Structures are given as C-alpha cells and as structure tokens.
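Engineer: Sequential numbering of the sequence shown, starting at 731, is according to my numbering.
Careful: at least some of the hints might be erroneous.
What the hints assert, rightly or not - Within a straight-line C-alpha distance of at most 25 Å, the following computed PhoX-like cross-link-like pairs (lysine-lysine) qualify:
| id | residue 1 | residue 2 |
| --- | --- | --- |
| 1 | K750 | K796 |
| 2 | K813 | K750 |
| 3 | K867 | K796 |
| 4 | K796 | K813 |
| 5 | K813 | K867 |
Said to hold, decoys possible - Pair by pair, the computed Cβ-Cβ distance ranges are:
| id | residue 1 | residue 2 | range |
| --- | --- | --- | --- |
| 6 | G875 | V834 | 42 to 52 Å |
| 7 | R755 | D874 | 15 to 25 Å |
| 8 | L768 | L792 | 17 to 27 Å |
| 9 | P753 | V816 | 17 to 27 Å |
| 10 | Y862 | L823 | 15 to 25 Å |
| 11 | S806 | T739 | 17 to 27 Å |
| 12 | V834 | D874 | 46 to 56 Å |
I should point out that these hints are in silico values taken from the structure, not numbers from a laboratory.
Computed from a predicted structure; not experimentally measured.
All residues carry an ideal CB built from backbone N, CA and C; glycine is no exception.
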Amino acid sequence: MVFLALILTLSSYRSLYGGKYRPFRVFFRPAIYLLLGLGLLSQDFTDPLFITSLLGLLAGALMGVKLGSGVSFYYSGGDLYYKRSVWVYLLWLASFLLRAYLEVGSPTSFTALTLLDALLMFSSSLLLGESYHLVTKARVIRRDGVL
Numbered sequence: 731m732v733f734l735a736l737i738l739t740l741s742s743y744r745s746l747y748g749g750k751y752r753p754f755r756v757f758f759r760p761a762i763y764l765l766l767g768l769g770l771l772s773q774d775f776t777d778p779l780f781i782t783s784l785l786g787l788l789a790g791a792l793m794g795v796k797l798g799s800g801v802s803f804y805y806s807g808g809d810l811y812y813k814r815s816v817w818v819y820l821l822w823l824a825s826f827l828l829r830a831y832l833e834v835g836s837p838t839s840f841t842a843l844t845l846l847d848a849l850l851m852f853s854s855s856l857l858l859g860e861s862y863h864l865v866t867k868a869r870v871i872r873r874d875g876v877l
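Just need the whole structure built from these sequences, with the hints factored in.
Structural biologist: Below, the structure written as structure tokens:
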C-alpha cells in the first residue's frame with residue numbers, strides 16, 4: 731500500500747508540474763501504470779476480460795498517439811521540460827483507484843469489472859501513446875530548436 735501511495739503521489743506531482751525531458755522518464759511511468767493495471771487484471775483473469783482489456787489497450791494506444799497534442803514543452807535553464815495532458819492522467823488515476831477499491835472494497839459484478847479493466851487498460855495505453863507523441867515532438871523541437 732505504501733508503494734502504491736508513493737507512486738500515485740509522485741506521478742500526480744509530475745503530471746501537474748511537469749518534469750525534465752528524458753525519453754526513458756517519459757515511458758517509465760506509463761509502463762509502470764500498465765504493469766499495475768495488468769497486476770489487477772491478473773487477479774480475475776478470464777478470456778472475455780482479457781479480450782476486452784486487450785481491445786481497450788489497443789484503442790488507447792492509437793488514440794494516445796493521435797491525441798497526444800495535449801503535451802507542452804518549455805525550456806528552463808537550457809534544459810527541455812515537458813508537461814503531460816492533465817485530463818489523460820486524471821482518467822487513468824480515476825480508473826485505477828476505482829479498480830483498486832473494487833478489488834479490496836466491495837464485491838462487484840463481472841460485467842462491471844470487465845468494463846472497468848478495459849477502461850484501465852485504455853487509459854494506461856493512452857498514456858503510452860501520449861508518450862510516443864511526446865518523444866516524437868521532442869525530437870523535432872531539439873532538431874529545429876523551436877518550441
């Protein structure tokens with residue numbers, strides 16, 4: 731629980747205030763989110779749940795690449811910094827917290843869990859798609875020197 735609270739606190743701070751651009755850093759958090767979501771998914775693994783979550787994962791990645799324009803860049807002290815789209819992070823955070831609550835808090839129908847897992851995978855891969863867009867945009871900024 732402490733590990734989870736630490737991850738959520740650090741990621742919330744980074745999402746609200748941005749961070750120094752490094753490609754590894756851009757992909758690291760969304761990859762952790764995806765692993766956390768897969769961990770929750772593995773608790774109640776069934777074929778329909780897996781297929782629905784996989785579809786959510788694919789749809790989120792495609793939309794994240796297209797909708798990744800919500801990221802912004804700025805220079806501070808000669809270093810490139812980035813700030814992610816807040817709404818994408820909030821979607822992931824809400825779906826993750828709701829799924830974690832349902833895992834430990836209350837019995838829920840299989841259909842509700844399936845839809846929530848699909849939303850969690852969708853929002854996690856939305857962040858990954860956004861990361862891809864972010865790295866691509868940063869390459870252009872560094873190459874051209876223009877924000």
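Engineer: Hints the structure violates: just list their numbers, smallest first.
Structural biologist: Violated: none.
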